[in-house]
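J.: Could you slot chain R onto chain P? The hints should help.
Protein chains in written order, with my numbering: chain P, 1 to 779; chain R, 1 to 207.
FYI, nobody ran anything at the bench for these hints, they're computed from the structure.
Even for Gly, the Cβ is constructed at its ideal location relative to N, Cα and C.
A couple of the hints might just be wrong.
[Claimed, not checked] Pairwise CB distance ranges, derived in the manner of DEER restraints:
#1 P/R681 <-> R/S188: 18 to 28 angstroms
#2 R/S188 <-> P/S294: 56 to 66 angstroms
#3 R/D88 <-> P/E131: 53 to 63 angstroms
#4 R/D183 <-> P/P453: 52 to 62 angstroms
#5 R/S188 <-> P/D155: 25 to 35 angstroms
#6 R/D127 <-> P/T672: 54 to 64 angstroms
#7 P/S294 <-> R/D183: 42 to 52 angstroms
#8 P/E740 <-> R/H3: 40 to 50 angstroms
#9 R/S188 <-> P/W129: 38 to 48 angstroms
#10 P/E618 <-> R/E64: 55 to 65 angstroms
#11 R/E34 <-> P/G40: 23 to 33 angstroms
#12 P/D721 <-> R/E184: 45 to 55 angstroms
#13 P/E656 <-> R/K96: 40 to 50 angstroms
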Amino acid sequence: MQMISRRDFLKLGAASTAVLAIESQFGAIAHAAEQLVEGGRSVNRTSGLPRSFLPSTCTQCPAGCGIIGYVEESRLVKIGGNTKHISNQGALCARGQAGINALYDPNRILKPLKRAGSRGSGEWTEISWEEALTEVSGRIGGIANRNEFVMLTDDLGRDDLARRFTWALGSGNALEGTGVYNANKLVATQLTWGRAGDMPDVSSSKYILSFGANPMENHTEFVGFVRRLVDGMQDNQAKVVVFDVRLTNTSAKSNELYYTAPGTYGLLALSMAQVIMQEGLYDATFIDRWTNVSAADLTRHLAQYTPERAEAETGVSASVIRRIAAEFATTKPATTLTDSMASSYSNGVQAERAVMLLNIITGNVDTRGGYCLPREYTLAEPAPAPAYPGATVLSNPPANPLASQQVISRTMEAIQKREQNVGVLMSHRYNIAYSNPDLGTVQDVLKDETLVPFHVAVTPYETETAIYADIILPEATYLEDWDIEVRPSPEQVPFVSLRQPVVPALKESKTFFDITRELANRIGGSVAQYFAFKRVDDYLKGRIAGIGGLVGAGGIDYLKQHGVWYEPTSRPDYGSYASTGFATPSGRIEVYSSRMAQHGYDPLPSYEAIAGLGNLHENDMVLTIFDTAAQFDSRTGNCMWLNEIEHNNPVWMNPETAHALGIEEGDHIKLTRKDGEAKIRSLESTAYLTEGIHPKVVAMANGVGHTAYGAIAQGEKIPYDDPEIPVELRDPNTKLVWWEHHGFNPGHGVNAKQIVPALVDPVGGGQAWGEVVVTVAKI
Amino acid sequence: MAHKRYAMVIDIRRCIGCHACSVACKAEMAVPLEVNATWLKIVEKGVYPDARRFFLPRTCNNCEDAICARNCPTKATYKRDDGIVAVDQHRCIGCKYCIASCPYDVRYINPLKNIVQKCYFCSHRVDAGLVPACVETCPTRAIVFGDRNDPRSEISQVLAANATNVLKAEMQTGPQVFYISADESTMSNVEEEINYYTEPTLIKLRF
Chain P
1 MQMISRRDFL KLGAASTAVL AIESQFGAIA HAAEQLVEGG RSVNRTSGLP RSFLPSTCTQ
61 CPAGCGIIGY VEESRLVKIG GNTKHISNQG ALCARGQAGI NALYDPNRIL KPLKRAGSRG
121 SGEWTEISWE EALTEVSGRI GGIANRNEFV MLTDDLGRDD LARRFTWALG SGNALEGTGV
181 YNANKLVATQ LTWGRAGDMP DVSSSKYILS FGANPMENHT EFVGFVRRLV DGMQDNQAKV
241 VVFDVRLTNT SAKSNELYYT APGTYGLLAL SMAQVIMQEG LYDATFIDRW TNVSAADLTR
301 HLAQYTPERA EAETGVSASV IRRIAAEFAT TKPATTLTDS MASSYSNGVQ AERAVMLLNI
361 ITGNVDTRGG YCLPREYTLA EPAPAPAYPG ATVLSNPPAN PLASQQVISR TMEAIQKREQ
421 NVGVLMSHRY NIAYSNPDLG TVQDVLKDET LVPFHVAVTP YETETAIYAD IILPEATYLE
481 DWDIEVRPSP EQVPFVSLRQ PVVPALKESK TFFDITRELA NRIGGSVAQY FAFKRVDDYL
541 KGRIAGIGGL VGAGGIDYLK QHGVWYEPTS RPDYGSYAST GFATPSGRIE VYSSRMAQHG
601 YDPLPSYEAI AGLGNLHEND MVLTIFDTAA QFDSRTGNCM WLNEIEHNNP VWMNPETAHA
661 LGIEEGDHIK LTRKDGEAKI RSLESTAYLT EGIHPKVVAM ANGVGHTAYG AIAQGEKIPY
721 DDPEIPVELR DPNTKLVWWE HHGFNPGHGV NAKQIVPALV DPVGGGQAWG EVVVTVAKI
Chain R
1 MAHKRYAMVI DIRRCIGCHA CSVACKAEMA VPLEVNATWL KIVEKGVYPD ARRFFLPRTC
61 NNCEDAICAR NCPTKATYKR DDGIVAVDQH RCIGCKYCIA SCPYDVRYIN PLKNIVQKCY
121 FCSHRVDAGL VPACVETCPT RAIVFGDRND PRSEISQVLA ANATNVLKAE MQTGPQVFYI
181 SADESTMSNV EEEINYYTEP TLIKLRF
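Looking at chain P on its own, in the form it has when it is part of the complex (with noise of 0.2 angstroms):
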């Protein structure tokens, strides 16, 4: 079939533009001026009126596409995409669109809350935001050991002034939430190559093959990735391999899809690997300049992980393995997926570094279409820059030397324990009673006043962990908020975004900047000085200080203006490590990792198989926990419009397995985990069969199942007229939530993690998440 492709034409567009204009004279300017405009624009819908805009920076997900606030009456009336963002490119997901109901959520907090019950109770009194201040500050000077103060935010890459905040105190403890999400992923890449991460160029590829990613559901880059993505695979022609333990929207789109045993990714892709060069179908300049073993040392080694032996553990079949692996060699150029999803189990580090492996071997490293470094801009620390307190026990937990990340699954253990006192612990965007595995203990430890003697939670919703502070500071949202956002670019060109608020803080909620900057001064002696700025531009200039080219186009104002800048006339840069190296000890890329071998790992890429899911039981079933488009983890629960598509998570199983246990669509069931150290155990679900599962295995969705955050975010109705509930935040929609009692019960779902022991891979010391055996009865 002939096909006109989207980005052909746009070319065409602005070739025809030209034609256009030159024919003017003719009559054609008016054609011209009749196109329509594609985004960066909103207009009143009855009066048709221009509405005022600005553009900023979304946080529903970690991709911080560019977005455009509308607003009409200092009121935001609909969020849109920034057309000038090189990597959304004025496209925006569900979810971003979505964040005008985390602004006006009726149940925000607007007013300071002390604690007027016992913790948990949800009991508070409104006080002063002098008294909220002097309370915390007083608590904070008064902590004896300067590593008692305990910061918990999601992101320290993206958190910069929790981590400031922590270090002027002398803290070494700013934990952040990534481990829970990737950090196997990180390390394998660090270790591996000198980066943490990666950044597929898929609009270029020919051949992409899919390690239980599912970037048409959930990316760290999801808009401006699966934009790329899907170019590919239509314009390019790519052909898309996904191997997955369930049908998701990228399996469901692939041209092949295998079913893989959970936890047996590393194996597959070794094995891969194995016949890339047994056949010798690998890239041998590449494989000799480039890293540091032989390909004869490399062969011998993987010599072990034959077809036949993957297709006993994987379930994917010795001749479909053979095929795949040379398809993959042979089309260039090829890449691979993993999102975080082959390295959440306790053998993810290598998993990745195997899948790793497939690119390495075929030079398909850092090429147009190829597998990609990430490539991002860094930021600088203004000045004055807090001294680096040193390594902490929650920070740096002894056992998992190589984990870059804190052990953040641990960490509550390791409070429980008295690893670590605490003084204060201040939880900012991190939800660690929602988002963690193992979550009785999670509350438990924040619910005993001995082991957490303060908790201020900094957070506009009385969320799962923040039903359990002393006291609320009322953040501003996102939408009203301040910073400066990079990340790795899609385009494989860098750029620098602005968070700037579209409409000013609601009543008495204030920015984290002006909240660590008050508490610092508060605090004084040593600390204030390194929150010593006038206004809040002060500090996002000493943030993009390092950047020239930003510096010179204008720096904040000109962020103020656009939203993102990045270098006009760049181009991205392919295999840049060949005048640079690798940012490894050796320069090269390490697929035989000393770091590893000093520790005491396996130093190659390698497998080891899951105790405990070679062999299951007839009646024993593997979890795993997936997310999808319209929800992310914690950050999006009060959304009215992304629970209304998303609000629950049966518990997928395939028919037949179901049928074995008796259980049919909608029955009543209870998941019990077999071993494994958590307090909750069990959870109770309903079943939801479906052809698109691995019949080992059951699944429930992430980012449903709330049991604080409001409301909307736990399925009730609120009533429009609450004189509770402030002016600003009210909407008739929210008495017309119709889930709670819909379909499945609970209609707004279970938190599958409260049964999930806190289990790490030893060497990255992130979460396995998809590892944990059940069994399912009907009750």
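T.: Below, chain R without anything else, positioned relative to chain P:
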């Protein structure tokens, strides 16, 4: 100059089932909870391990021969010169004849205002020179919108270059929403199909 004829092409090859269009519509048109002017139909078809999932974004077809406009007793529903089927909310008496006569089940009673609404191809945006909200926001550029009467428009070129389908072609209503590569399973059973992602109403066809 000939009238415009606005139409939409949804390229299902590019659709990833992300719901961005549904939420764009909620936001742009202030569509209340409970009802939808644009939504995603999801069909799972086949038996393990060959089962697949298919998507079909659904919205008003703004038909060439709009039965709803013909049946409206107060002429509240009318066809604009550019082909968009509009509803004059001041003339609507809420009799629901249009809802009963629409073969595509795209009309709903706004539960907060008690009037009939649907997708108007974002006529207020089109009048201001903008594409509809779902087109602007689509992460994978799966939706093309424009004037079919202009042979140089993108939509005319896409329509000329690709085979397309419409829903219930046999009704001869002249739907102006065209689909490229929509799976046959998603094009049938038009009546039973508001699908929420995790609700059990998702259509499953086991063959």
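J.: Take the hints in turn and mark each one as holding or not.
T.: Hint check results:
Roughly 45 angstroms separates the CB atoms of P/R681 and R/S188, a value that falls outside the hinted 18 to 28 angstroms. Roughly 59 angstroms separates the CB atoms of R/S188 and P/S294, a value that falls within the hinted 56 to 66 angstroms. At about 56 angstroms, the CB distance of R/D88 to P/E131 agrees with the hint of 53 to 63 angstroms. Checked against the given bound of 52 to 62 angstroms, the beta carbons of R/D183 and P/P453, roughly 59 angstroms apart, stay inside it.
For the hinted restraint 25 to 35 angstroms between R/S188 and P/D155, the CB-CB distance of approximately 45 angstroms leaves it violated. Range check, R/D127 to P/T672: about 59 angstroms between beta-carbon atoms, so the 54 to 64 angstroms window is met. About 49 angstroms separates the C-beta atoms of P/S294 and R/D183, a value consistent with the hinted range of 42 to 52 angstroms. The hint said 40 to 50 angstroms for the Cβ distance between P/E740 and R/H3, and at roughly 48 angstroms that hint holds.
In this structure, R/S188 and P/W129 break the distance hint of 38 to 48 angstroms, their C-beta atoms being roughly 60 angstroms apart. Checked against the hint of 55 to 65 angstroms, the C-beta distance between P/E618 and R/E64 comes to roughly 59 angstroms, which is consistent with it. For R/E34 and P/G40, the hinted distance range of 23 to 33 angstroms is satisfied, since their beta carbons lie about 31 angstroms from each other. At about 49 angstroms, the beta-carbon gap between P/D721 and R/E184 stays in the expected band of 45 to 55 angstroms.
Between P/E656 and R/K96 the Cβ separation comes to about 44 angstroms, which falls inside the hinted range of 40 to 50 angstroms.
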